[in-house]
Amino acid sequence: MWPTCAAEAIKSDSLARVLPSGALGFVEVDNLAGQIQRLRQSQLMKLVLESPEYQEAIKTPQYKQGMAFIKVAETILDMDVWKASDTLLGGQLALALYPKADSKAPEPLLILRASEAAGLEKIRLRLMPFVALAGDKIQRKEEAGGLETFQLEDKLFVALKQNWMVASPRRELALRAVGLLNGQKDGVLAFEPPFAKLREQMGTSHFVQVGVNLEALRTAINARMNVPAQFDNGAASLLFQAVAELATRSPYFGATLDVDDKGFSLVTGLAGGPKSLAPEHQWYFSDPKTGGTAPLPAVPGLIGGIGLYSDFSAWYRNREKLLVERVQPEFDKFESGIKTLLPGRDFADDILPALGRTITLVAAHQTYTHLGGGEPAMKLPGFGLVFDLAKPQEGGDLFQLLFQTIATLTNFGAAESGNQPWVMVAESYKDISISLMRHLKKPAGKQLPVVYNFMPCAARVGNRFVLTSSPSLCKQLVDAFQKPAPAAPINKNLNIELFPTELALLAERNLDLLTARAVQSGKDAESSKRGIEGILKLMRTVDTIKLYSTVKEDRFQFRLEGQWK
Amino acid sequence: MSIEKPSGILAPVDWQQRTWSRAEAKHLLWRAQFGASAQEIARVHADGPAKTLARLLAPQPESTAFTAADSLLHRAAMDTGSADDLKAWWLHRLFHSANPLTEKLTLFWHNHFATSIAKVRSTAAMSTQNGLCRREALGSFRRLLHGMTQDGAMLVWLDGNANRRRHANENFAREIMELFALGEGNYSEKDIKEAARAFTGWHVREDQYWFNRAQHDEGIKTVFGKTGALGGGEVVDLCLAQKACPRFLATKLLRAFVLPQPTEAMVAALAARLRAHDFAMAAVMGELLASELFHGIQTRGTIIKGPAELALGALRALDGQPNLRTVNAVMSLLGQDIFQPATVKGWEGGRMWITSASLLQRANFAAALTGTNQLGSIQSPDARARGADTAPAAIVAHYTDLLLARPPAQESRQRLESYFADATGDGADRIRGLLHLIMAMPEFQLM
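One line per chain: the protein sequences are A and B, in this order.
With the first letter of the first sequence counted as 1, position 65 gets the number 65 in the working numbering; the numbers rise by one all the way through.
With the first letter of the second sequence counted as 1, position 184 gets the number 184 in the working numbering; the numbers rise by one all the way through.
Careful, some of the hints might be misleading.
[To be verified] Selected chain A positions facing chain B (Cβ under 8 Å, derived; list incomplete):
id	residue
1	236
2	373
3	375
4	377
5	378
6	445
7	449
8	450
9	512
10	513
11	515
12	519
13	520
14	521
[Claimed, not checked] If you want the ones that stay clear, here's a sample from chain A, every Cβ over 10 Å from chain B, calculated:
id	residue
15	152
16	203
17	257
18	319
19	485
20	557
Calculated directly from the structure, the hints in this document are not laboratory data.
The structure displayed is predicted, hence computed values, not measured ones.
C-beta atoms are modelled at their ideal positions from N, C-alpha and C, and glycine is treated no differently.
All chains, full assembly: derive it from the sequences and hints.
Have a look at this one:
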């Protein structure tokens, strides 16, 4: 029995309060019909319905079969499909999975609380003739307290009362839920410690909430849930190992989804902070008290970017603990390669200590004024890579050396392939010296090859080193970093932001090329163009999409948020 | 001066005396373009040989849809500089153009003047060369050969810039004589050395021909017995004047369009026509495709389909819409990577198309085309059968007639009928299975 005081923290009408304890996990949905209604009335749906793809889809036999099925269902229920949806899905719906003795497959339990009892009763009455037609296969009983039960052979047990319905293959499990619905207080899923923790840390009022009892999973599978102690892939280790390690200690995994008129928010979370991990795994997380990566630099025409805050140096130092022996020689090869680019410097001793903890990658529209009138026909964004430097002067020199070496090597390649070589020149912009590689010969003509999207630039701006593929972006980053620092760093390890309207603008500038790609796949030019324009319209309805992680002393969460117009 | 009509084996078929059948129409279309659909065969059968040949040989207006797609694809190839985009552009032309014989000859000349983008590295230069091949596909081989010696891609391909006054590079001159105009054994090493001097200073700058006067050897040279301060253009004319030149070309044309092993008499006859028409290709091809030799029964089903003929031909026969990128990938696996011939000699073709590996790939192609949409969509076979006789014998006859150059042997036909009668699944599945079997037959590899 779990302490009932926790019930105070739980939304009074949450179905988690009437789910029996012992589940491996659950999903709860609140007012799905309301969200369907919102979607039906949205601009997004209007665009989808107008799209050529949809107009094609409604001609397919599958679509016609689906519509016929809906008509049959509406006739049986004597109400239109949206009214039925309001009745059945306008309240709450919960599905929980319970371990089953002698079986790997869990047993489900479904609880539905309809928005109105009268509607559910109407549906029940319309379906009763089918129960009668089923004969002995369905045993119907009217039990005490107005409870009506149906037993479909030994496959499904259903209980109905007023505005709710419970269903499960296991009668005993369904009857436990019936008891809780009738006011019993003991054995409630929501009061079990992992789920109580989840609700405490992730909130209780959501459109969709998912909870997984990791303690129960660890008992069912193994203590580490098959997470290897050492990874065999460096990139996977950099991105996921510390989070996977946190999952092996967290009592729960949770996820919530909320949608309103302005956007959506999908949050996934684990309990536990960096201090709960062994020292070799703490490098990934920012300090909850002192912050993490900064917001993306505010440059004009920003299409998107990634900010990553981690102690990469600590990861590299701990690589023998974090990664299997088999991959260790790859680091030796990598260090040899780096020595070619940075002669006389050691990666672990010289380079990593000069790096700060934040690396930022941004993509933004670029201008082509430096090309003297022409523009590449295929327009790519400018890309910028920004390294925070722990030792600005030393780090700046190292990156400048790297830039010079790459320029030289690239020119060797250009000579072999007959491409234009680069000449490194320097330009001063707002007291910052920018090194840039310009093409030896200024291009002639208005429509230029794709290579003219690239004119690599490098500059040190305070304690940051900026590498970009375009001069305009380099100058914009200098502007952004010379402005007063924004408010305190946001406590995010990872911060990805995408601006679909800007991405749509980029796609629009390359519309012919995208259409050509569609034609290459066998479609005709006209319908391909219309299809792409439809997708661009959809993209323009979305303002921003963000994916970021937050670190607190006792929890770690990933958030995916979208805002639409 | 009027040119005498061809006689002997190249005499035109007298269609008053012979029946112009569906088989004749199919034979002409498979050789003059990349495959033929049932509707195309019916149209050509109805039009008759004279009207069809006139249409194949004269420039036809392209449709608005074709022009729009062609322009998009070409611009994409220029804008991205991607070889795959360039290949997709040409495949679109090979498949969809209203001038299929021109495209087929463009591929023939591409193979003749085999130049690879792997070395040239410029889609613009390769596209220009491709345009030259297309312009002269049914034009003049004389102009084509002259144009090729001043083509930017060709000059990169054969290291034109290395051909300098004091260090004449023989590569360019050797390939002109050996691969483009005369063939081995029809020139001496001295001819090559002297001709190389004539091409010195024929350089390339920014993908364009550039006459570098400072590097041109203006001294006296002797090529094929003619002495003087010869330049490159004069050497080309001397090559064209050699007896070996039309013979060399005739052999290649006969192998590509008529039969794999032409006799000496056939070569001599066609070489005479090339000379008579001063290498005007429309006239020569018109005579060849109208000739007794071309329409003789001994030529049917004798040429092994190249990958383009196999892949595009199957798609065309089945009214398909190719996925240009995946079809290009398949053709490359089968040994024909357009714009990227394997060697300076081009694709040898004929029996060399068939190896144990490529035969397996050809079977895989058939499976992918009939079982998936990876290579593009083919018209629903079920729809094709609708309204027609759906008895196994009729269905098998319809598809073997469409896809095979010659009727299958009785035993093979019975096997196909038996398969179709016993096959399970819906109508479309059964027909797709049947198509797979037909396309896996050795007979399908021939045209």
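Notebook entry, point to check: Looking back at the numbered hints, which does the structure fail to meet, lowest number first?
Noted result: 1, 2, 3 and 6
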